[in-house]
Amino acid sequence: MSFSSEIKKEITLVELDPAQARAQLCAILLDRASLNMNQRGWYLSFQTENAAIAKHVFSLFKVTYAIEPKLSVIRKMNLKKNNIYQIQVHDSATHILEDLTIMRESGLSPVPSYRLIRSEKNARAFLQGIFLASGSINNPKTPNYHLEMSCSSLELAACIEKLMNRFYFPAKRIGRKNLQVVYMKTGDKIADFLRLLGTSNALFEFEDTRIQRDFYNQITRLDNCEVANEMKSIKAGQEQLIWIDTIESEQKTGMLSEKVRRVMEIRKKYPEASVNELCERIQAEYGENITKSGMKHRISKIRELANLLIREKEQSILRKQKKEAVEGSAGSE
Numbered sequence: 001m002s003f004s005s006e007i008k009k010e011i012t013l014v015e016l017d018p019a020q021a022r023a024q025l026c027a028i029l030l031d032r033a034s035l036n037m038n039q040r041g042w043y044l045s046f047q048t049e050n051a052a053i054a055k056h057v058f059s060l061f062k063v064t065y066a067i068e069p070k071l072s073v074i075r076k077m078n079l080k081k082n083n084i085y086q087i088q089v090h091d092s093a094t095h096i097l098e099d100l101t102i103m104r105e106s107g108l109s110p111v112p113s114y115r116l117i118r119s120e121k122n123a124r125a126f127l128q129g130i131f132l133a134s135g136s137i138n139n140p141k142t143p144n145y146h147l148e149m150s151c152s153s154l155e156l157a158a159c160i161e162k163l164m165n166r167f168y169f170p171a172k173r174i175g176r177k178n179l180q181v182v183y184m185k186t187g188d189k190i191a192d193f194l195r196l197l198g199t200s201n202a203l204f205e206f207e208d209t210r211i212q213r214d215f216y217n218q219i220t221r222l223d224n225c226e227v228a229n230e231m232k233s234i235k236a237g238q239e240q241l242i243w244i245d246t247i248e249s250e251q252k253t254g255m256l257s258e259k260v261r262r263v264m265e266i267r268k269k270y271p272e273a274s275v276n277e278l279c280e281r282i283q284a285e286y287g288e289n290i291t292k293s294g295m296k297h298r299i300s301k302i303r304e305l306a307n308l309l310i311r312e313k314e315q316s317i318l319r320k321q322k323k324e325a326v327e328g329s330a331g332s333e
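Position 255 of the sequence shown, counting from 1, maps to 255 under UniProt numbering, and the rest follow consecutively.
Honestly, the hints are just simulated from the structure, not real lab data. A quick note: this is a predicted structure, and the numbers were derived from the prediction, not measured. Keep in mind that a hint or two might mislead.
Dumping the calculated DMTMM-like pairs for lysine to aspartate or glutamate here, alpha-carbon to alpha-carbon at most 20 Å [as the list claims (entries may be wrong)]:
{"#": "1", "residue 1": "K252", "residue 2": "E239"}
{"#": "2", "residue 1": "K292", "residue 2": "E230"}
{"#": "3", "residue 1": "K268", "residue 2": "E258"}
{"#": "4", "residue 1": "K76", "residue 2": "D91"}
{"#": "5", "residue 1": "K9", "residue 2": "E205"}
{"#": "6", "residue 1": "K313", "residue 2": "E230"}
I would like the entire structure built from these sequences, with the hints used as guidance.
Here it is as C-alpha cells:
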C-alpha cells in the first residue's frame, strides 16, 4: 500500500458529525463525481480504485441521507490492476445535490457555499474529502516532499487554495493538462497538513522518516566536509614536502631559523597532518606552544625560501643555456 493510500484509509476512520459528513461528501462529489441521466432521471456516479474510500462514500450516503446506494465492482482485464468500485445514487440525486449546495437555482455550482465550509471543522472535513478524491503525498523516503490535490475546475482549485491559505498553508496552483493542481513542497507544512487531516499514524510515519533522513543527510554533509578537509590537508602536506626537499637539496636549511626547521622536521614525520595537528606535534616533541596562525607563518617562510631557490635555479639554467647558445654560434663562425 502506498503512503497516500495509508493516509486515505486513516481519513476514512476519522469520526464526523453530520455537518462534517456533508462537507466531506460535498468535496468528494465536486471533485470526482458525475451527474448523469437515464430513463429513470438524474443519477450520481462516483468511481474509485480504493476499496476503503468506496466503503466510506457508501457509508456517507447511507448514514447522511438514509438511502441505499448501488455499489458495483468492475474488474479490470489488465494484470496487476485494481478493481474499480462504482457507486450510483438514483432516487435522491437532486435532493442530495441541493442539500450540499451543489445544485442551486442558477444551476450546478463548481464550489461549495460559504455556509457549508464557514466553520473550521467543516473546512477541515472539506479538505479531507478533496484529499480522499484526488490527493497524494509522495513517500517521505523520496528526495523531495510533495503534496498535491487535483480537480478539473478552475473555480474549485481556487477554492481549495483559499482554504489551504486559511489554515496558513503556502499552497500554490498550477495547470497540468486538463487538470488544476493545488500543491505544497515544504516538509514541515505537509506534516501540519497531515495533522489537520487527523491522520496521526501517517503524521508519525512522515515525521519519523523525515527526521531520520535529515539526520542522515547532516551526517553525510559532515562526512563530506571531513573528507574534503582531509584531502586538503594531504594536498597541502605534499606541496610542503616538495618545498622542504627543494631547500634541503640546495643545502639552504641554514637560512631558516631553528623554529622553522622544527616545522620542517615535523612535517616530514607527519606528511598528512593538518595545521592544528602540526601545532600539537610541535608542543609534544619540543614543548613549544604555537598557534595556528604562527604555524602558517612558519610554513610561509618555508614556501618563500623554496620559491626563491626555484627561481634562482631556473635563472641559472637560462643563463647557462644562453651562454651555450652564444658559444655554439661563435664556434660555427
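These are the hints, each one checked on the structure:
no. : hint         : verdict
1   : K252 to E239 : holds (18 Å)
2   : K292 to E230 : holds (17 Å)
3   : K268 to E258 : holds (15 Å)
4   : K76 to D91   : violated (28 Å)
5   : K9 to E205   : holds (14 Å)
6   : K313 to E230 : violated (33 Å)
The structure shown violates the earlier hints numbered 4 and 6.
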